[in-house]
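Each residue of the sequence shown is one higher than the one before, starting from 1483 at the first, in my numbering.
Treat the hints with caution; some may be incorrect.
To be verified - FRET-style restraints, in silico, Cβ to Cβ:
hint, residue 1, residue 2, range
1, Asn1795, Tyr1693, 35 to 41 Å
2, Ser1666, Glu1535, 22 to 28 Å
3, Val1838, Gln1560, 24 to 30 Å
4, Glu1534, Ala1836, 34 to 40 Å
5, Asn1750, Asn1811, 30 to 36 Å
6, Glu1535, Lys1851, 27 to 33 Å
I should point out that these hints are in silico values taken from the structure, not numbers from a laboratory. Ideal placement from N, C-alpha and C gives every residue a C-beta, glycine not left out.
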Amino acid sequence: MNNFSGKHIHIVSFNVPYPPDYGGVIDVFYKIKALHALGVKVHLHCFHYGREESKELEAICETVNYYERKKFYQAIYQSVPYIVGSRKSGELLANISADDYPILFEGLHTCFYLSHKAIKEKAKAVRMHNVEWGYYKSLGEQERNYLFKFYYMYESQKLKKFEEELKSANHVFTISRNDFDYFSKYWKNIHYVPAFHSNEKVTSKTGKGDYILYHGNLSVVENHQAALYVLKKIAALSKREFIIAGKDPLDSLRKEINNQPNVTLVYNPSFETMSSLVSNAHINLLPTFQNTGIKLKLLNSLYKGRFCMVNQNMIQNTGLEKLCIVEENAEEILNTIETLFEKDFTEEDKNYRAEVLQNDFSNQANALKICSVLWK
């Protein structure tokens, strides 16, 4: 028993957080699960578009409410960002204002009502998964389609302006130290709470694997670009076997992989299949071109996989630097791949990793931190 058992909280999620199969919803789902384990009664509110209602969520929440996200043409012409305006619901406002429970808004996406007078006197916190305007700006810079590029850049401008709404929050929980540093320049009551995740202990296999894995949501521009980089700049110059795995790969990536004999594509893998791929790889190779948030696929790879090779953008100021091999260019990556294939991942490597991860990335400890802030 703890001091927070029996407390109630509203959590407003940008999507249905089950199944927990991509970055943002992984953090939401395992946060709810950790709060539930502490005895906190969660009243979940989620916008759904393409995801089914979930009995799994009902098992760990006191109540679950679903709201339809507005279509693109219904929300794009508002002054607020589309990702915010499309998550406007009078029913939601009525539900979160009907009692005195604190509210946790997941992402700027869900903050349409953050400054509304109906909840002015309530304790309100926002979980920031990114500096959203910076994330959209980076997507726009990478996008080649001019229409999409315009959308990302325009949305970035709106998001930067809408970020000022955070002044109405009593607390902001950031997912990375970089985001903590950024938001601390503008507001008080900023708290660093690392990402929640699916792992309770390090289960990495010792010994060697046979292949190198890159994985991620392949429909996202940043992951698509990283996969192409691995394919063209690394795999094409290596004799080793590579696997690229993830959700909804674009046709252009599929075609490129078909032309590379030492690369296999595993598309839309189940949770179990992805876990197996991560665990059995000799190297989880995870470059990124965006220094935003913390990548949950990195945490997953450290808990389940053997060697993790990344670049600075993936690892900077995360607290995970000492657990990864950091290389910045293709030549260095290729050389280090050969060096690592001469090594076993040892029990000592595994124990050191477990010690570091338990200090900062315990779901229970981070759930307690959120509770201590909200009910101090």
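Exercise. Could you check the structure against the hints above and give me the numbers of any it violates, in ascending order?
Key: Hints 1, 2 and 3 not satisfied by this model.
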